[in-house]
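Engineer: As you go down the protein sequences, you meet chains A and B in turn. The opening position of the first sequence corresponds to residue 1 in this note's numbering, with each subsequent residue numbered one higher. The opening position of the second sequence corresponds to residue 1001 in this note's numbering, with each subsequent residue numbered one higher.
Please note that the accuracy of each hint is not assured.
[Said to hold, decoys possible] With beta-carbon atoms standing in for the labels, derived distance ranges:
no.	chain 1	residue 1	chain 2	residue 2	range
1	A	Leu122	B	Cys1081	30 to 38 Å
2	A	Gly149	B	Asn1063	45 to 53 Å
3	A	Glu157	B	Glu1192	46 to 54 Å
[Unchecked claim] Using 27 Å as the maximum straight-line C-alpha spacing, the simulated DSSO-like pairs for lysine-lysine come out as follows:
no.	chain 1	residue 1	chain 2	residue 2
4	B	Lys1097	A	Lys257
5	B	Lys1184	A	Lys120
6	B	Lys1230	A	Lys120
7	A	Lys254	B	Lys1047
8	B	Lys1214	B	Lys1230
9	B	Lys1099	A	Lys254
10	B	Lys1099	A	Lys257
11	B	Lys1097	B	Lys1214
12	B	Lys1230	A	Lys257
13	B	Lys1184	B	Lys1097
14	B	Lys1214	A	Lys257
15	B	Lys1099	B	Lys1184
16	B	Lys1047	A	Lys257
17	B	Lys1184	A	Lys254
18	B	Lys1097	A	Lys254
19	B	Lys1184	B	Lys1230
It should be emphasised that the hints constitute simulated quantities derived from the structure, not laboratory data. None of these values were measured; they are calculated from a predicted model. Backbone N, C-alpha and C fix where the C-beta goes; we use that ideal spot for every residue, glycine too.
Listed here are the chains, written in short residue letters.
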Amino acid sequence: MYFLLSVWAFLQLFPLYWMFTFSLKTNQEIFSDNPIGLPRSWLWSHYRDVIENANMFRYFANSLIVSAVTIAIVSMLGLMATYALTRMLWRGRSFVRSYYMLGLALPIHAALLPVFLVLKNLNMLNSLWALILPYAAFALSVAILIFIGFISGIPNELEESACLDGCSVYGIFFRIIAPLMAPALSVVAIFTFLQCWNELLFASVYATDWRYKTLTVGIMQMAGQYRTNWGPIGAGLTVATAPTLIIYIILSEKVQKSLVLGAIKG
Amino acid sequence: MERVMKNKTAVVFFLFPSFVLFTLIIIVPVFMSAYYSVMDWNGIGAKTFVGLSNYIEMLSDTNRFLPAVLHTCFFAAASLCIQLPFSLLLALVLAAKVKGERFFLTVYFIPVVLSAVVIGQLWMRIYYPRGGLLNTLLINLGFMDKAQPTAWLGDIRTALVAVTVPILWQYVGYHMLLYYSGIKSISPDIFEAARIDGASFWQMSTRITLPLLKPILQVSLTFSVIGSMKVFDLVKVMLSDGGPSGSGEVITTLLVRRMFYPSNRYGYGSAMAILLIILCVVLYQSVGLIFRERRGER
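All chains, please: the whole structure from these sequences, using the hints.
Structural biologist: Pasting the structure below:
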């Protein structure tokens, strides 16, 4: 049993180790002398090279901005919708709820061309909004599902007593419900972050101007640019991987939970 | 309280922004795609109505489209027959209170959070004919002639399988974690009782764990089948134009090339998008149906 578990763990970790080590080697070392050992001299210069020559910094920043703004939009809009869909009383509530859940089954490919045309006509194709808006829309369904799961655990009494104290429905939402939903917010944030950070399809079709490319597209381009010079490519891959890996290592249980919840609720 | 919660203005205030975003980006495009799919249009000239001819052309394209559907189904089959059973095995073993459970769990989940672009680039280098990890290993073990290394991604016979492996590899940890958390939520008393009655590990797994795991199995099955239909990133990265003679082409990669560069056929591409939606919705419903029937039998 341990043998099986360890072999699989090795197979999952080794490619990452290999990626990191070849980012610090010369081609000579990678291809003939020393394919899998630790680098003989650690060539950090590859990192400086990709950051200076391949616009890595710009793409990195773009990915960061797109992810952060998307998370903010999804959290805010999702939370507000969830409140209306669970706590407030109105006709057609369950219908609208199922309407939002359509987003779980529909593949994003249907939106590719229509949204592309609309953004083109609005002259928004080359801007980060061209990615933020679709990403936010696609993350919305899962976010609402996760929020609905969490909000049912918050007792009604809190709202009732606030109501007796004369608090308006907006006050109840912003002062009481929103702060209590913080754990759900972190789950949604992690889920949304991973989706935005790793997305390729929309990013490759919509952002054609280098100033608005994200890291995934940048990596593809960089790999083409350096072709057979593996050291800098490895450095680029490592730079792109580092943020997710660091977040994962610090918050591993939280990240696992958020992806599992995102699936089960979906 | 009731009066406050029936505040119509507040309902609109809370719902309006997300409703607009969702409707404009998720729902309206489905209808727009359906409309484009019966048109012949390159995006610049005028649209001409062509009825179902885009669909007919697509479904009789034995050269590219039908093989792409077949390859997509191959991913789904590989995931169902190899990835899910293997993930289940790992989860069963891990949940049986082994030491270092947390460590293995964390490690297995690492590829799930990584970008498919990074994983694709990495595996391209593992498969690289000269100096790639796989061939270096095979040559050193004596399984391969150094003078004739296999180009795994460049060979019609191996391209599809070569691109399947990393896809399976990446998500084993994900399915494993789904199963694992499902198993952990089963009351330990049940296992304790079975152990006292002398049940073996195998008996407990098949008679207790699996039946109780059904809701999770449904989630994981849905994810695996729908996910296979939507595979794009890894294929795009590793086989940019569908591999040698389209031997690794999938629906999504063909869709993007037909819709945008180089074909620029908006109508035809939209027909493919509509077909993909139908496929996903039908599969989503069928998985749900299979599990509902099973539950009815019991």
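Engineer: Work down the list of hints and note, for each, if the structure agrees.
Structural biologist: Hint by hint, here is what the structure shows:
1. A/Leu122 x B/Cys1081: 30 to 38 Å: violated (46 Å)
2. A/Gly149 x B/Asn1063: 45 to 53 Å: holds (47 Å)
3. A/Glu157 x B/Glu1192: 46 to 54 Å: violated (38 Å)
4. B/Lys1097 x A/Lys257: holds (20 Å)
5. B/Lys1184 x A/Lys120: Roughly 49 Å between the alpha carbons, so the hint for lysine 1184 of chain B and lysine 120 of chain A is violated.
6. B/Lys1230 x A/Lys120: Distance ~25 Å between lysine 1230 of chain B and lysine 120 of chain A Cα, so the pair holds.
7. A/Lys254 x B/Lys1047: Measuring from Cα to Cα gives roughly 50 Å; hence the hint is violated.
8. B/Lys1214 x B/Lys1230: Within the cut-off at roughly 24 Å; holds.
9. B/Lys1099 x A/Lys254: holds (21 Å)
10. B/Lys1099 x A/Lys257: holds (21 Å)
11. B/Lys1097 x B/Lys1214: Holds, because 22 Å separates the two Cα atoms, which is no more than 27 Å.
12. B/Lys1230 x A/Lys257: With a Cα-Cα distance of about 23 Å, the restraint between lysine 1230 of chain B and lysine 257 of chain A holds, given a limit of 27 Å.
13. B/Lys1184 x B/Lys1097: holds (10 Å)
14. B/Lys1214 x A/Lys257: Within the cut-off at roughly 19 Å; holds.
15. B/Lys1099 x B/Lys1184: holds (16 Å)
16. B/Lys1047 x A/Lys257: Judged against 27 Å, a Cα distance of about 48 Å means the pair is violated.
17. B/Lys1184 x A/Lys254: Given that 27 Å is the threshold and the Cα spacing comes to 17 Å, the pair holds.
18. B/Lys1097 x A/Lys254: holds (21 Å)
19. B/Lys1184 x B/Lys1230: violated (30 Å)
Figure legend: structure checked against the earlier numbered hints; hints not met, in rising order: 1, 3, 5, 7, 16 and 19.
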